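We have chain A already, so just place chain B on it with the hints.
Chains as they are written, first to last, in my numbering: chain A, 38 to 488; chain B, 11 to 291.
Hints were generated in silico from the structure; no laboratory data involved. Warning: the hint list may mix true and false statements.
Here are the simulated DSSO-like cross-link-like pairs (lysine-lysine), alpha carbons at most 27 Å apart as the crow flies [said to hold, decoys possible]:
(1) 214/B to 253/A
(2) 292/A to 129/B
(3) 81/A to 224/B
(4) 214/B to 81/A
All values reported here derive from a predicted model rather than from experimental measurement.
For reference, the chains in residue letters:
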Amino acid sequence: MSETPSPASPGERVWNFFASVKLSFALLLILAATSVAGTLLPQKEPAQLYLEQFGPTWGGLILGLGLDDMYHALWFLLIMSLLAANLVICSLNRLPGALKIIRKDPAVDLDKKRSPAHGFTLAGTPAASAETARRALAKALGKVWEKPFQAGGGQGLVLLSQKGAWSRLGVYVVHFSVLVIFAGAMVGNLFGFSGMVTINQGQTVDHIMQERGQEKLLGFELRLDKFTISRYPNGMISEFRSDVTFLQNGREAQKNSLVVNDPAVFEGIDFYQSSYGQRPGLVTVRVSRDGQTFDAKLEPGRWNPLPGGGQAGVVEVHQNVNMGQMYSGPLARLAYQPEGGEPLAITAFKAGNRMPQRGPVKIELVDLEIVPYSGLQVKYDPGVWLIWVGCSLMVIGFFIAFYLSHQKVWVRLEPAKGGRTRVEISGAANKNRLKLEKIMERLAGAMRGGE
Amino acid sequence: MSSALHCATLAAYILATGLYLAFVVWQRRSLHLAGRVALWAGFGLHTLAICSAWLESGALPATNLRQSLDIFSWGLMGASLVINLRRDVMILGALTAPLCSLLLLAASVLPMPDAPPSKLLSSLWVAVHVITVLAAYGLLAVTFLGGVLYLAQDSLIRAKNLGAAFRRLPSLTRLDALNHSALVAGFILLTVGLITGAIYAQIKLGSYWRWDPKEVWALITWLLYAALIHTRLVQGWRGRRGAWLGALAFGVLLFTFLGVGLLFPGYHAFDSLPKLEGNLP
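So here's chain A without its partners, still in its complex pose (with noise of 0.2 Å):
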């Protein structure tokens, strides 16, 4: 944090407040601290359990906090987006000055006085000794940069040089990743989905459920060709597998085999294999009504338009119901509505049955079909490249933050007396002194050596 001396404005104030790291010390506990609620309180649950679990008062205030699903909750989005602030401005509060110093011209105050690590005196002129610091320092740190000045009625040499002067950006690339990440969750939440369908062998969909109950267009078409589920020698399920088509405008695009954890693609969205079962297909039925009668195969889920008018749907199937004498077979429960009229609950049994029949129209059931179903898992989300992206630039930025360092080392050749040089190494580092130690002892020794 910055302090400075003058009143700050109240700008000046709330930039300071951003770009404290403080904040962000307290923004990263207070995250850490509210997270632990949303493992303790079940998720996603609907609002009664809380009420029930908890009494009004207790799960009224869960429900008001949206603890319920507190991790998609608007305070605790604050709190994130407050983080994010943060890492904003304080980079930028920072990157300025660090850019500046890795700008910085190494001539500039190249022959200021500095307090030696290493001091000692060497025979013969500062001259003599030059080339044996040149040499030194461009092994240890590479580039040198050298000035003359006069002391001691002689002509002395300040020679430089520094390696890693970038490594101080390793922060800022962390602190970037951290919001191509942040950005990354927002883009999948904004524009991605994810939700269920369960299609019938031989059916078609185009739409899926998502996890509130809305359905979601898919833009296009899928169709479960085959549902196959294999089986070990002891009867244990080895596998279930979907066959699937996508088509694209009616026209097949692409055919896939799904089976748990190999999920397909198309367009973008990934096709999940998750559950499986049985459940009616088509349920065909022999309607009568005004002197006339025909078949008409009617699809769950849906109401089916009759020829001739009016509409029937198929509410609930039963394969098999024993109603000792009166009848035992298969029966449907319908919901029919003549054109222009109101629905009516009708029961349909098999031909040939002793139930009552009442009403204008006699429906029978013909056959009823059972069929394998697939329940798929789908998921959409555009963002999950930038998450990758930010997890590979946090890992890379962690690195340079961590292990390189900003190090630079001098070697002053000032003339000493009896002809002889005095020779002054020193050295600073943003970090790693231990490293910086070594250099400057090995780049003595070097000096030493040539004595």
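Same frame as chain A, now just chain B:
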């Protein structure tokens, strides 16, 4: 094969414990060197034991509490040995040798997994995820141990009690250097572990982050260590305050590792790991 190696590892760690205790009492460098040899030998056997169990079951043996403790002690021992190549805090072995012996003993009496590992766990992604996370735990445990030594030495110095205990403990600077390098390496490995887990979850389970209790607690641990690193680097909380915050973070880490694995439901729970199936709701 793996159980014989497990016993041999335990024997080597217990031998090293004896050698290090003798070193603490008599302060002979030869005892420390012998202890170090025993620890390296034990660590080699430990690695072989894990590899052979891996080959036997087809998945990295980290699918229940017993195996996780085993790998954690491997991570702790490896971390302390490797870090000590540079830092040479001799007394560290006197802490890690008995600790890893106890962890291995505990692992020996716990039951083996009751089911063969699911196919999902045999992936190399899982192996990398588990090894990096548990090695990170090991490194962060080293930071914690170093922090405890730091606090002990610091209180001795404050009390001007410069006796036998003071002479046996390393200097504060050296301990701080140990803590720092273990902290940084542990934090990076923890990050890599979380990322590899996220990648595998995205491939097989359909999303990189599911807010599973283990994930959330791992994130909490990560946030605390991130805060710790910030205080050290920016606010200069080396020393005592840093050591206390480090102890808190390590407490949370232990809870993430053991508490969440034992108490919370979810696919990371120790008793549901072997049966991990895909496409969790």
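Verification of the supplied hints:
no. : hint           : verdict
1   : 214/B to 253/A : holds (23 Å)
2   : 292/A to 129/B : holds (25 Å)
3   : 81/A to 224/B  : holds (17 Å)
4   : 214/B to 81/A  : holds (22 Å)
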